[in-house]
Amino acid sequence: MFEIFEFGFMKRAFAAGIIIALTAPMIGIFLVVRRYSLMADTLAHVSLVGVALGLLTKTSPIVNATIVAVLTGVGIEKLRKSKKIFGESAVALFLWAGLAVAIVMLSIAKGFNVDLFSFLFGSIATVSVTDIYFISVLAVFVFSLIIMLYKELFAVSFDEELAKASGLDTDRYNLVIVVLAALTISLSMRIVGILLIGALMIIPVLTSMQLNRSFKQTLVFSILFSLFSVISGLFLSYYFDLASGGTIVLVAILLFVAVFFIKSNNNS
Amino acid sequence: MTNCIEIEGLNFSYNGDTVLEDITFSVKSGEYLGIIGPNGSGKTTLIKIILRILRADSGKIRLFGEDINDFSDLYRIGYVPQKVSQSEFYFPATVYEVIKSGLCAKKGLFKRLVEKDRLSMEKAMEIAEVTEFRNTLISRLSGGQRQRVFIARALAVEPGILMLDEPATGIDIASQDKFYSFLNELNTRLGITIVFVTHDLGVIADEANSILCINKKVCCYGPPDQYIKEEFLEEVYGRKLSIHKHKIRHEH
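Residue numbers (the numbering used here), protein chains in the order written: chain A, 1 to 268; chain B, 1 to 252.
The hints are simulated quantities; they were obtained by calculation from the structure and are not laboratory data. Every clue listed holds true.
Computed cross-link-like contacts, EDC-like style, restricted to lysine to aspartate or glutamate with a CA-CA straight-line distance of at most 20 angstroms:
1. K106(B) - E161(A)
2. K116(B) - E126(B)
3. K11(A) - D241(A)
4. K83(A) - D17(B)
5. K78(A) - E88(A)
6. K216(B) - E6(B)
7. K216(B) - D200(B)
8. K28(B) - E66(B)
9. K107(B) - D169(A)
10. K84(A) - D17(B)
11. K178(B) - E166(B)
12. K123(B) - E158(B)
13. K28(B) - E8(B)
14. K83(A) - E161(A)
15. K83(A) - D57(B)
16. K217(B) - E234(B)
17. K111(B) - D169(A)
18. K107(B) - E161(A)
19. K81(A) - D171(A)
20. K106(B) - E160(A)
21. K78(A) - E161(A)
22. K107(B) - D73(B)
23. K107(B) - D171(A)
24. K106(B) - D169(A)
25. K106(B) - D171(A)
26. K123(B) - E185(B)
27. K229(B) - D200(B)
28. K28(B) - D225(B)
29. K107(B) - E160(A)
Label pairs and their computed distance ranges (CB to CB):
30. D67(B) - K81(A): 22 to 28 angstroms
31. S264(A) - S58(B): 55 to 61 angstroms
32. V74(A) - G40(B): 34 to 40 angstroms
Positions of the beta carbon are idealized from the N, C-alpha and C atoms, including for glycine.
The following block holds chain A by itself, in its conformation from the complex (with noise of 0.2 angstroms):
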């Protein structure tokens, strides 16, 4: 069963896997209860126009795509502080717009090949050593990030306006969670893929809400239910020759149900 880790490729991409396990729950939490769920699905799609660029401009295109995911976060946080439009709004209008530019953008470098196939799906085939430094660089700062404003980001989370009233600076975590969101992504893209990014960062959390812990425990769940879907979905996707991305996001959602369906009859 373990002759998978006689190859380098997936040695790497079981590393990658397990960083990213660990980290996409932690900010999915906070997005999750803040009704922000799409904000992972929308940054996920917008990073897509550094991943053009990346191809355009023979760049890094994972370097691009955390760079455009981190402006596309703060420039949603700002329309959304304006109330100028429900924050929601603004999500579905960066979402579209990223969309169409990256599309464009595409067109002109003749970008639709199996390297934008590897971006969208993920590839496991193609991480990379320097893949895995960078991954491990962005996922330390987050994790470590989360860790030391815990009680902050859980106020803000909880009550913006009760942890405004209280003297909390909410603008500044607001935006600590977004640009922390779009750094989560860009290190996630090789494995899951930008199409099935979001859905590592908030099916795991969504899973493990269905338990009714603390936050906390909420929280370490998530971490258990993320780890479990990305290494049973790494060795399934091996074994029968599956995508990487779809399978661990497949793992993950049959976790959720099976954890619904046993609660539910638990509850009833």
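For chain A, the structure is supplied; the task is to place chain B on it using the hints.
For chain B alone, coordinates are given in the frame of chain A:
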């Protein structure tokens, strides 16, 4: 007695419409002030300006003797909003976690809770009678229990002022009476200044020791028995009002 809130000539408008005009009043330490006024009279806006959620167009505001713009210890004003955001219905947090989040601003960045903070939380939970719910999810509590949790959250920082915006909304009548006697105890026994926005004129008549009636401008400010009168209220609200007294009896 010193003033903990002083407001002078405060004006606030939103999208060109005047919401508050030339508001002047002060709150003394230990006072129980009831703020009343018709819907849209600017009561909640006034509270939000004091809490720096909104910014006044002009006027002077002093909190604990300091200009509002220089005042950095906002946590000294415990706030219990009209309705906490819908998130509480699905937010996976225990009562203890919610109360703990109240201490966040007081502690400051990167600082963990110490024994003294935990004792303050225990005391606040005891006062608000929510200790038994500490590990219960906030979403599982009734409206009245939830309001007590938010009061405990506000009390955990040992505030000088407790500011409540229609806190009895959604609480059944029997629990309301209990809730108001609890507030009275906080004021009389613990000496916490209470600023309380409500539509319940009977409660103001029974509980508060001063009343501020606003309808964009200050309509009256003084002892309740002087102003909680049908003819005066008809003038402010534009229709006849009857005052329902609660059956609250406090033993001091």
